[in-house]
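Visitor: Using the hints, build the complex out of the two chains.
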Amino acid sequence: MSRLLPLALLGALVALPLALGANPYLLNALIVTGIVTIGAMSLNLLLGFTGQLSLGHIAFFGIGAYVSALTSLGFDVEIGFGLRVVHEPWPAAVGFVLATLAAGACGYLIGRLSFRVRGAYFVIVTISFAEVVRLVALNWVELTQGPLALTNIPAITLGLPGIGAWTLKTKLQNYYLVLAIGTLCYLVIARLVGSRFGRAMRGLKENESLALSVGINATRTLTVAAVVSAAMAGAAGSLYAHYLRIIDPDVFAFTTTVSMVIMVVAGGKGTLMGPVIGGLIFGLLPVALRPVMAPEAQWIVYGVVLILILFVMPRGIVPGVSALLARRRPVRAVPVLEASPVVQR
Amino acid sequence: MSAILSVEHVGVRFGGLVAIADLHFDVAQGEIVSLIGPNGAGKTTAFNVMTGFLKPSQGEVRFRGTSLKGLQPHEITRLGLARTFQRTSVFPDDTVFDNVMIGLHRQGAAGAPGIGRAPVLDALLGRAGASERRLRERAEALLDWVGLSARAQEKAGSLAYGEQRLVGVALALATEPAMLLLDEPVSGMNASETRVFVRLIRQIRERGVTLLLVEHDMPMVMEVSDRIVVLNYGRLIAEGPPDRIRTDPAVIEAYLGQGSAARRAAAEAQEAAHA
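Top line first, the protein sequences correspond to chains Y and C.
Numbering-wise (the numbering used here), the first sequence opens with residue 1 and increments by one.
Numbering-wise (the numbering used here), the second sequence opens with residue 1001 and increments by one.
Source of the hints: derived by calculation from the structure; they are not laboratory data.
Backbone N, C-alpha and C define an ideal beta-carbon position, used for all residues, glycine too.
Do not take every clue at face value.
Partial pick of chain C residues on the chain Y-facing surface, computed with a CB cut under 10 Å [stated by the list, open to error]:
1. S1006
2. T1077
3. R1078
4. A1082
5. F1085
6. N1099
7. R1106
8. L1125
9. E1132
10. A1172
11. N1232
12. E1239
From chain C, some residues computed to sit far from chain Y (all C-beta separations above 12 Å) [to be verified]:
13. F1014
14. A1021
15. N1039
16. R1083
17. D1094
18. D1098
19. P1177
Isolated chain C (complex conformation) (with noise of 0.2 Å):
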């Protein structure tokens, strides 16, 4: 398996303070890969490290084998390289569809399959009739698709939490990307939220999409990841299957903290894993 994004050696410093000291791993073509670490670990710094909205002190991230080093988050969406947010995923003032409307810009760029040279040119001329349309069959499949049909009408604002993450993975969905980043996803989500995700989730790999989470439900992560970074203090400090970073001493400690009780919860969890 191939590396489709390869985060080497990335640091960011704002002034004196150090966001991720030397933060290195790979993410294979196909995976799902969480990234995980207590509050303040550099988790969703290394997301906008990786799409853009940050530029790292030092260190690169190479996507498909192009280094990123000096692109706007635009430019990165367009080599395949999508995003949702943590707190704001959508257009609040905007329908639904109309979100995925806005999503799909790419897809109405000159040159893309069916657009002309000049769609602001087509617009006022009005000859862009075609082209709309086949946006507006686009968005609708793709609200099918998540299962937000009901609410496409709805302003994006007044949906549901759960929801609105939902609009806003449609939205990276609309870039058609190679590769789906996805900040806390689940948080503020119940449990029969957060498994209908979980399927989601799956589908989107089913669709040939890599992705990359930051997450705090631990039984979910560990549920959908094929492997786990850990991060702390900017550090790496485990990588690997779920099941070896459940029981990695470092990991719990980094969670835990180094009192007596974390340090027999993790000898116990590590006598659970040989039995």
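The following block holds chain Y by itself, in its conformation from the complex (with noise of 0.2 Å):
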């Protein structure tokens, strides 16, 4: 089911397009799923890989989504000093890789910072951080408009020398990059968890001291994965700045990383399908819901549902079921002592 269920996910995902032609309320629904469940993914790699909580991770979304906006619009600011800095405009697909990459250098400082004292301090930490952000993207109106926005932001272009260039403005051809960057974060995050990087991982989330006198360096693999992780929920925010080519203050908000926990929790923290499993009926119950009732009252339908499912199958979604699949084996009785070959010497 390991390999099956994926596969066919990512099947029936390049195929939905196709089968539901191009309706684009559907398809704009689609895509910031997507994003989000990119984050999600991201935020699992900390949550339910190493245990640590990221409540401010929309920060490192919002740094990818703000640096690929600038870095593609070009800015001019006075840094003090009577310095001035002045960008010209980049293409937004080097946008797109400075952002990943500052969010990762992001992910870095917070680890450094925070995994020296860990659980509720790292929670700590990383909420001041989203909101320290969120305060400079406001008030640093020189450089990002502040609550007027960003606007115009170029969509993504694609091309190699002497083949050509495509502009991905359609909404077709931004489902079908986000679903590429998706199916590639999912593919890193399934190495990494199934390496040795993994086991050290996991090894610290169940027994840190045990970890430790194995000679597995805390503060470096925590580090590692917090930017990976960061990295990953910038190079999401990179995709939404290009997709939406607007974005305000507001895409710091502090309700998206709450959704993401809750697509990683119902999804089944510390799994490789959770949180696309959570993402998408999180992200696609608006789409489900909107013909039948307000968005009031829609609120209510997803505690409901997210309170169902926990209460169902408290570990998510995707434990769960693999837990529901497997035929309970009998478990033989060998007494391993006696039958030591250490014994038999």
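Guide: What follows is the structure, given as structure tokens:
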């Protein structure tokens, strides 16, 4: 199941627009859901696999969005002492790369700062960081336009010299871009988690003292996880900026972090598919509910759905369904100590 | 014989509480030494100091000539000094096999034999196949060696107590230590399990690993140790081979108190020793 389900889902998502036709409303919902799902996947790397809760995850997303937007729009700001920084617009694709790197660098700083003291401290540091970044975006009007928003952000242009270039302006193009980046993030996380590095993360989460005693460097391992996680969130933020083509300080909304946490927890933290399933359910629930009820009533339904999921499957959908599918094997009782080769020697 | 581990006048204070007053002893290469003493004597505290989980208030520990002062637990492990834990000796949610794979962490590090310079990058690019295979082979060999092959695919947290201890030993051995510290390895084991474990300890020594144990099971300690170090109230009160420790009046007093019965027992034991 572990291999089949992701492939089947990927196939379905690739085929979906063909089946639906060009329905802009639905495509828009799918694109935004996909972007937030990438954020949830990145959050899961920290929350699910290392057990560290980043409640300011939206900061990395927002930093990615702003870095990407500013790189592709250019800016001209005074930074004091009579110095001016002038930046000519660069291609949006460069913005995407810089957004990923900048968010990863922020993840490094936050990780180094807070992984000496973990748990609640990490939660508080991440929340504070997100709030600080939001205030900067709101108040540094010369750079970010503040609440007036950065507008006319160019769409991403993909191109190979000699072959041609495509500017991804339509929803359909953006849909496949988000799907491709999301698949890439999924593969990166899957590779990491299945590797020696993933085992170190699991060890730290399950029994930290024991993990240290086998030579695992806790600070380094957690920092690498934070860097990868933040970089992915930054990439998602960049996609968001170049898709909507307008961003304001509201991209730092705390509720988006909460949505990501809900997606991860409902889908199953610490599983590869959990945030994807959770993301699709909570991202597309509004689409399903819109014809039936008012937005205010929808919020109540989200709450009920979340409570129901966690009531029936406390560890989330993916672990819950896997447990249902796995037939309980009868456990053989072999007294290992007596059967040990040490005894027979 | 040269000392592989030297505990040099180590003291540990938690505020006004003296956990270890002044501990000073050596362990020679290839020895099996036991650290014993009544509850609260400071044995586990001493272990935590040697492995970097606690910073001593005074003194220092030297391992193979290197001072361990200021080193983190994972750095001390990398020098070749491994340990097991009293209560939680496994990664409970992983299989026994994956437990050992986690234990082989350093064997997959950059610069280890057969490992590239950037293991994380290799994993991302799918180039880690060969080194992963090598690690899996070693994990299998280790599990076979401690006698846990039959349990490889079971969750470590669901194993019986004694078996979890074996997983703990396999994890520690996976770091390829020169010296292994065992924290109450046979507590909670029955007599036959203990017997098997004593054999395992001897085989670990045959692999060239020096052993230091903290243990309450006196018959086991007397049987397995070359030398015994006795702690009471954070002080070393006796040191020597098992025969001498068994009849040492200070040791008997520490364990049984100063009652007349204890004194009589000590006197009788001494007589028996002389006879």
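Visitor: Next step is simple, just say for each hint if it's right about the structure.
Guide: So, going through the hints one by one against the coordinates:
Of the supplied interface hints, the one on S1006(C) is violated, with its beta-carbon coming no nearer than about 21 Å to a beta-carbon of chain Y, more than 10 Å. The beta carbon of T1077(C) comes within 4 Å of a beta carbon in chain Y, closer than 10 Å, and the hint placing it at the interface holds. With a cut of 10 Å, the hint placing R1078(C) at the interface with chain Y holds, because the nearest CB-to-CB distance is about 5 Å. Interface restraint check for A1082(C): the shortest CB-CB distance to chain Y comes to about 7 Å, inside 10 Å, so the restraint holds.
Evaluation of the F1085(C) hint against chain Y yields a held restraint, the C-beta minimum of about 6 Å falling below 10 Å. For N1099(C), the suggested interface contact is upheld, since its CB lies about 9 Å from the closest CB of chain Y, less than 10 Å. The interface hint given for R1106(C) is met, as the beta carbon of that residue sits about 4 Å from the closest beta carbon of chain Y, less than 10 Å. Nearest Cβ of chain Y to the Cβ of L1125(C): about 8 Å, under the 10 Å cut. The hint holds.
Checking E1132(C) against chain Y: minimum C-beta separation of about 8 Å stays under 10 Å; hint holds. A least Cβ separation of about 7 Å between A1172(C) and chain Y falls short of the 10 Å threshold, and the interface hint therefore holds. For N1232(C), the interface hint is violated, since its Cβ never comes within 10 Å of a Cβ in chain Y; the closest pair sits about 26 Å apart. Taking 10 Å as the C-beta cut-off, the interface hint given for E1239(C) is violated, the closest approach to chain Y being about 27 Å.
The non-interface label for F1014(C) is consistent with chain Y: the shortest C-beta to C-beta separation is roughly 18 Å, beyond 12 Å. With a least CB separation of 25 Å from chain Y, A1021(C) remains clear of the 12 Å interface cut-off, as annotated. Look at N1039(C): its CB is around 21 Å from the nearest CB on chain Y, clear of 12 Å, so calling it non-interface holds up. With a cut of 12 Å on Cβ distances, R1083(C) falls inside the contact zone with chain Y, its closest approach being about 5 Å.
A beta-carbon of chain Y is positioned within 12 Å of the beta-carbon of D1094(C); the least distance is around 6 Å. The claim that D1098(C) is not at the interface with chain Y is violated, since a C-beta of that chain comes within 12 Å of its own (minimum 7 Å). Interface exclusion of P1177(C) from chain Y breaks down, the closest Cβ pair being 10 Å apart, not more than 12 Å.
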